[in-house]
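Full structure from sequences and hints, please.
Protein chains in written order, with numbering that gives the first Met the number 0: chain A, 0 to 164; chain B, 0 to 522.
Chain A regions said to be covered by chain B (calculated; three or more residues, Cβ under 8 Å):
no., segment
1, 39 to 51
2, 60 to 68
3, 88 to 100
4, 114 to 127
5, 131 to 144
Computed far set for chain A versus chain B, every beta-carbon distance over 12 Å:
no., residue
6, P79
7, R80
8, L162
Short, incomplete list of chain B residues facing chain A, as computed with Cβ under 8 Å:
no., residue
9, R171
10, L174
11, L184
12, T222
13, A226
14, S227
15, Y405
16, A406
17, L409
18, Y417
19, G423
20, A474
Keep in mind the hints are simulated off the structure, nothing from the lab.
On a predicted model such as this, the values are computed, not experimentally measured, just so you know.
For every residue, glycine included, the Cβ atom is placed at its ideal position computed from N, Cα and C.
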Amino acid sequence: MSTTDEPVKASEVEVEASRLVRVIAAVVLVVLSGTFLVGVFDIRSPKGFDPAGPRFFPLLVTSAWLLLSIGYLVEGLRSPRTADKGDRSWFEPVAISALLVLYAFLVVPLGYLIATALLFFVAARVLGSRQVARDLIVAVVITAIVYIAFTQFLDISLPEGVLGL
Amino acid sequence: MITQAVFGDLMHGFGTVLDPMNLLWAVLGVTLGMLVGILPGIGPALTIALLLPITFNFSDPIGAFIMFAGIYYGAMYGGSTTSILINTPGESASVATAIEGHKMALKGRARAALATAAIGSFVAGTISTVLLTFVAKPIGNLASQFQSTDYFAITLLAMVAVTALVGHSLVRGLLSLTVGLFIGLIGLDSLSGAQRYTFGTLRLLDGVDVVIVIVGLFAIGETLHVASKLRSTPDRPAVLEKGRLRTGYLSKNDWKRSWAPWLRGTALGFPFGAIPSGGAEVPTFLSYTIERRRARKAGRKHPDEFGDGAIEGVAGPEAANNASFSGVLVPLLTLGLPTSATAAVMLAAFQIFNVQPGPQLFEDQGTLVWTLIASLYIGNLILLIMNLPLIQIWVQVLKVPRPLLYAGILVFACLGVYSLSGSGYEVLMALLIGVVGFFMRKLDFPIAPVILGVILGPTMEEQFRRSLVISNGDASVFFTRPLSLIIIILTVLALFVPYLPRIVARIRGTQASRDRLTFGEDD
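Spelled out as structure tokens, the structure:
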């Protein structure tokens with residue numbers, strides 16, 4: 000730690016993403032906020048942009064968003080080129096996202112028990128676990144406990160699916 | 000007398016909290032809080048969000064709130080453990096503790112560091128709860144004079160001040176805030192019934208459920224982020240020295256050096272929790288800085304240990320973060336105003352149970368409020384008893400394999416959002432928001448302003464428009480009422496706070512050593 004008599008910083012300023020990713024994100028923000036700003040006109044309002052009407056706040060929020068996005072874009076373009084930190088990987092987050100999309104579509108037809116046990120097992124594997132037997136047992140036990148607790152004690156119905164319990 | 004009335008109310012609260020079922024919720028809450036406090040990356044906001052859907056089916060909200068509060072301050076206790084033992088703060092509120100605490104552990108004084116943290120947390124938690132007990136109702140009465148312009152102004156202040164203080168960049172913080180405000184706009188406008196940003200789908204008519212936003216940003220966003228950096232794994236915990244259990248944890252000298260930092264930490268934590276400053280980071284770092292300065296000045300009495308494991312540097316911040324929790328409850332209960340991300344999630348919980356925090360709360364929900372406050376006294380005691388003797392057991396939590404932990408979080412996140420309406424659509428929505436949360440983490444955007452925007456945005460707009468309707472569209476109402484005007488001026492000033500060191504330096508004609516005041520992300 001520094002020995003000078005200064006207030007302490009919570010953490011060093013450090014952005015994980017490379018300059019390219021930051022600029023792309025800024026462009027996406029500009030496009031989104033611009034689209035939503037135009038979308039203000041789609042809001043039905045009898046009194047137009049009256050401050051007490053439904054259009055005024057969306058107008059404020061989306062304009063502020065657009066201005067800030069432009070500011071962020073300029074900041075990104077002016078900043079020095081930096082590379083992505085080498086130890087970051089894109090495969091795992093994409094795989095987890097794909098897994099969740101599958102889960103959203105399969106949870107009803109397959110049933111809660113099967114879909115969730117699979118979700119747990121595959122997610123654990125993607126996240127780096129290599130102990131197949133242990134993961135399978137934990138997946139089944141956790142899913143079963145959740146299922147019984149929710150359907151029996153909390154009266155929340157969960158899809159039965161192909162098991163037809 | 001007011002004091003007597005408060006005492007009566009509090010005793011009534013104790014009567015309710017000592018009910019075995021409520022005690023069970025308190026124990027469950029503080030235990031969960033300890034666990035998530037110890038686990039880095041998993042904070043109280045995320046935990047409460049995951050539990051929200053489960054508690055929907057509680058017939059009585061009191062148990063749920065006792066548990067939620069327990070999670071919040073339990074996490075403050077738990078956070079210190081990993082800070083001291085492995086130099087990995089479980090919570091942002093424990094970052095300051097790690098500086099001296101870990102040094103103490105390396106010198107074989109881990110037990111003393113843990114003890115001063117735990118006892119300091121207890122002392123601060125109890126003193127600040129006493130303050131809360133006596134301050135809450137008078138402030139609530141004061142707040143009952145508030146008009147819609149004041150509410151508009153104070154909501155704005157809360158959002159802007161927290162945004163200005165949290166995170167590293169004002170632009171990014173405000174971007175987070177506008178995104179949150181935008182999400183809050185989606186759905187039917189409550190006053191005119193106009194559809195806003197529903198994109199022609201019926202699904203969005205009721206807006207985006209705040210539970211989906213919180214679970215998406217915190218649970219799914221964090222899991223995706225962890226997934227992307229699996230290769231950098233944390234260290235193994237430092238081994239606790241085998242202490243002589245019976246002789247106590249703190250030496251006489253440790254006590255002598257700890258008690259004053261505890262009290263100073265409490266004095267900082269409570270007020271900073273109560274004002275919109277984003278929770279516990281500001282007071283913990285202030286406490287650390289003050290203790291270090293004092294040690295420098297008193298350098299002659301005992302050698303300056305700062306930077307080398309000074310117990311004051313653990314005692315002060317740990318007291319401050321626990322005291323800040325009771326401080327956070329003051330505006331939350333009396334004004335319905337969250338000043339940290341976790342408080343915002345608690346406000347969402349209040350709204351889900353149809354309990355409206357604010358001046359009326361003490362009249363309408365007296366039992367709930369006083370039971371909640373009474374539960375803080377009990378919970379602090381439970382934590383003190385559970386914490387020290389069982390420290391070896393708590394540390395075992397860190398041995399849970401990361402992949403299984405995050406797979407479990409995904410399962411609970413999906414369960415929570417799925418049970419909102421029983422369709423996969425909510426899972427997709429939460430994933431979409433989770434992807435946003437992932438990129439926010441990668442690009443260093445603070446999360447707390449989004450949550451505040453989503454939760455406070457609709458309230459702020461409603462108060463704004465109501466004020467204008469009352470004044471027949473005259474916008475000067477916001478500036479003619481002194482209270483509103485003062486709060487709006489404070490809001491503008493809050494935007495300059497991060498640049499304060501630079502401004503001061505410019506006035507003094509010296510070079511600023513750093514660009515802005517920065518504080519870590521609040522949980």
